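Those protein sequence lines, which keep their order, are chains H and S. Take -6 as the starting number for the first sequence in the working numbering and just add one per residue. Take 207 as the starting number for the second sequence in the working numbering and just add one per residue.
It is worth saying that the hints were derived from the structure and are not from the lab. Note that the structure is a prediction, hence the values are computed from the model and not measured. From the three backbone atoms N, C-alpha and C, an ideal C-beta is built for every residue, glycine too. Among the hints, a few may not be true.
Now the stretches of chain S that chain H is said to cover, found in silico as 3 or more residues with beta-carbon under 8 Å [what the hints assert, rightly or not]:
#, segment
1, 253 to 260
2, 282 to 291
In silico negatives: residues of chain S with every beta carbon more than 10 Å from chain H [claimed, not checked]:
#, residue
3, T233
4, N235
5, D244
6, A245
7, K246
8, Q247
9, D248
10, K267
11, H268
12, A301
13, A304
14, A311
15, K315
16, C329
17, V342
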Amino acid sequence: MFKYQKFLQRGLVVGLLAVGVAMSAAQADDDEEYGERQSSKMIGENRGRDMYGVQMNAKFKAECSNCHIAYTPNLLPAESWRKIMSGLDKHFGSDASLTDAENKEITAFLVSNASNRWKAPTSPLRITETSWFKQKHNSREVSPAVWKNPKVKSPSNCGACHTRADKGDFNEDDIRMPR
Amino acid sequence: MLRKFHLATLAILAVGGLSALPAWSQTVNETMAAIKSDAKQDNPSFTEFSAARGESFFKTKHGSEWSCSTCHTDNPAALGKHAKTSKDIQPLAPAANAERFTDEAKVAKWFKRNCKDVLDRVCTPQEKGDVLAYLVTVRK
Chain H
-6 MFKYQKFLQR GLVVGLLAVG VAMSAAQADD DEEYGERQSS KMIGENRGRD
44 MYGVQMNAKF KAECSNCHIA YTPNLLPAES WRKIMSGLDK HFGSDASLTD
94 AENKEITAFL VSNASNRWKA PTSPLRITET SWFKQKHNSR EVSPAVWKNP
144 KVKSPSNCGA CHTRADKGDF NEDDIRMPR
Chain S
207 MLRKFHLATL AILAVGGLSA LPAWSQTVNE TMAAIKSDAK QDNPSFTEFS
257 AARGESFFKT KHGSEWSCST CHTDNPAALG KHAKTSKDIQ PLAPAANAER
307 FTDEAKVAKW FKRNCKDVLD RVCTPQEKGD VLAYLVTVRK
């Protein structure tokens, strides 16, 4: 009986150790990922998913949709948003500066809802420069003729094909390539 | 106790309701008057704004790639188009868009941004007033 108990105990220790090792491996993997830890609590990847599950920020929606669609925070890692928001006076060739209070509020919203699965150790300023974007829009997926269509004009014009892009929803079922 | 709670709730709701309103809501004339007061302060010999000068300023390039009319078009009562993104820009002339020039913070924000893009500097109160004087003459 005593022996059996000891065997069980030993088994439990080995088992717990194994779980511990597995957990720290997962942790290390997680640490390699780019982005904010708090958003990695979300189950599954948030990139390209619609924003309905997220507490929308009215200032973000109003300010960031004046000149282009309000690109949803989950399309870039947190560090990208920090960089973008600290250089708004020279925002891709335009002055898009905000008041300090607006900037602070919108940055906080972007950072806390940034991509939760950013594996590359990069923080690009353009969504279209990310390897993920390029892979999803390679010549097999999108023919070069589509990019030349004046209705598309620029790869940053998500809404030309992704009909629900303004909602942050990039579901393949909603893609309509313009003719 | 209950009444006290209700009063507190009402007070909070009232303050919340007030703060939900735009910070500054004013008429186009009030906006013009504010720019005029800035112009007088900026230049003691200031006399008047000129719609003709404003129109020419609006439609001319000032050393950079864009003029005001690049995005707002030569007809400020028409729908504009962002030069880079092609996104629609609602008409700028108050006759075609009653919201224009009624929010002091918004006016300041966009003059700052767009003057930087078009002139690579801030606009003087005289320039802003001339442009607004022109825009209020535009009919639908």
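Results of checking the hints against the structure:
1. 253 to 260: violated (count 0)
2. 282 to 291: Contact hint for the segment 282 to 291 of chain S vs chain H: holds, 3 residues under 8 Å.
3. T233: holds (22 Å)
4. N235: holds (25 Å)
5. D244: At roughly 19 Å from the nearest Cβ of chain H, D244 (chain S) sits farther out than 10 Å, so the non-interface label holds.
6. A245: holds (23 Å)
7. K246: holds (26 Å)
8. Q247: holds (22 Å)
9. D248: D248 (chain S) is indeed farther than 10 Å from all Cβ atoms of chain H, at 21 Å.
10. K267: holds (15 Å)
11. H268: holds (14 Å)
12. A301: holds (22 Å)
13. A304: Label holds. Min Cβ-Cβ 18 Å, cutoff 10 Å.
14. A311: violated (8 Å)
15. K315: violated (8 Å)
16. C329: Non-interface label stands for C329 (chain S): nearest chain H Cβ at 12 Å, farther than 10 Å.
17. V342: holds (23 Å)
When the structure is compared with the earlier hints, violations turn up for hints 1, 14 and 15 and for no others.
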